[in-house]
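Enquirer: Sequence:
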Amino acid sequence: MKALILAAGYATRLRPLTESIPKQLLPVGGRPMVDWILDKVREADVEEIHLVTNHRFAADFERWAPADVTVHDDGTTSNDDRLGAIGDIQFVGIDDDLLAIAGDNLFEYSLRDYVEFWRTKEGASCVAVHDVGDPELAKQYGVVDVDEEGRIVSFVEKPEDPPTTLCATATYVFPRAHVRLVDTYLADGNSPDQPGNFVAWLQAREPVYAYRFDGDWWDIGDHAQLLEADNLMRRRASLPERAEYSPQT
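For what it's worth, my numbering labels the leading residue of the sequence shown as 2, then goes sequentially.
Bear in mind the hints are in silico, worked out from the structure with no lab data behind them.
Since the model is a prediction, treat every value here as computed from it, not as a measurement.
Ideal Cβ placement from N, Cα and C applies to all residues, glycine included.
Hints should not be assumed to be uniformly reliable.
DEER-style ranges, computed between Cβ atoms [to be verified]: (1) D194 with D135: 24 to 30 Å; (2) G222 with R113: 24 to 30 Å; (3) D215 with D81: 36 to 42 Å; (4) E109 with D135: 18 to 24 Å; (5) E117 with R237: 22 to 28 Å.
Under the rule of at most 20 Å between Cα atoms (straight-line distance), these lysine to aspartate or glutamate pairs were calculated in the EDC-like manner [said to hold, decoys possible]: (6) K122 with E149; (7) K159 with D135; (8) K3 with D97; (9) K3 with D69.
Produce the complete structure using the sequences and hints provided.
Expert: Below you can see the structure in the form of structure tokens.
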């Protein structure tokens with residue numbers, strides 16, 4: 002299995018912070034956001050770790066990257082010509098079982114446990130899901146419904162009337178056979194953005210299971226979410242909290 006951290010977006014909702022710093026390298030709790038994710042990925046004992054970014058910030062990630070991370074520059078330079086998360090999976094071209102994770106997706110659960118769960122579902126894909134407990138909040142995410150065995154039977158992005166409050170988080174495990182279906186999905190003219198769109202398409206054709214987790218989870222999309230996550234991690238690191246977010250550690 003190989004891991005791919007998706008970090009090629011332009012984080013327009015976090016401007017002006019992200020005009021000069023990629024969102025995934027913004028400090029949270031005194032260290033780059035992506036470092037927390039990398040800690041989790043290493044626990045999963047993957048064979049290789051890859052990160053895909055855009056041309057605008059490729060040099061920043063190259064300077065950041067530890068020796069065990071391979072950085073891929075997808076060649077895009079703005080939000081208008083971005084490949085999208087699924088397009089970036091195709092661009093990197095990993096032909097193996099794949100752990101794909103958004104670079105702004107912070108969580109507490111173990112990726113090792115997640116991968117072990119996935120291995121019990123031979124030939125299937127898995128999506129990490131979290132019950133947000135609030136239908137209004139669920140409207141902001143991809144909402145899943147599952148059968149008695151935990152297999153996903155529906156997946157709807159940002160529904161007006163969520164059937165459940167069980168929401169997909171941006172952490173996916175795909176077997177090699179399903180990774181190869183990315184080409185089919187894109188060739189059929191489907192959206193290259195948001196991995197959830199691929200999962201919605203996939204679950205109608207192949208088995209996809211939900212991995213439920215507890216504990217904190219942050220989808221860092223705006224300034225309020227960034228400040229909340231930063232202060233929580235700062236408390237854990239015995240750092241003083243801040244009333245306003247700053248990229249200075």
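Enquirer: So which of those numbered hints doesn't the model satisfy?
Expert: none
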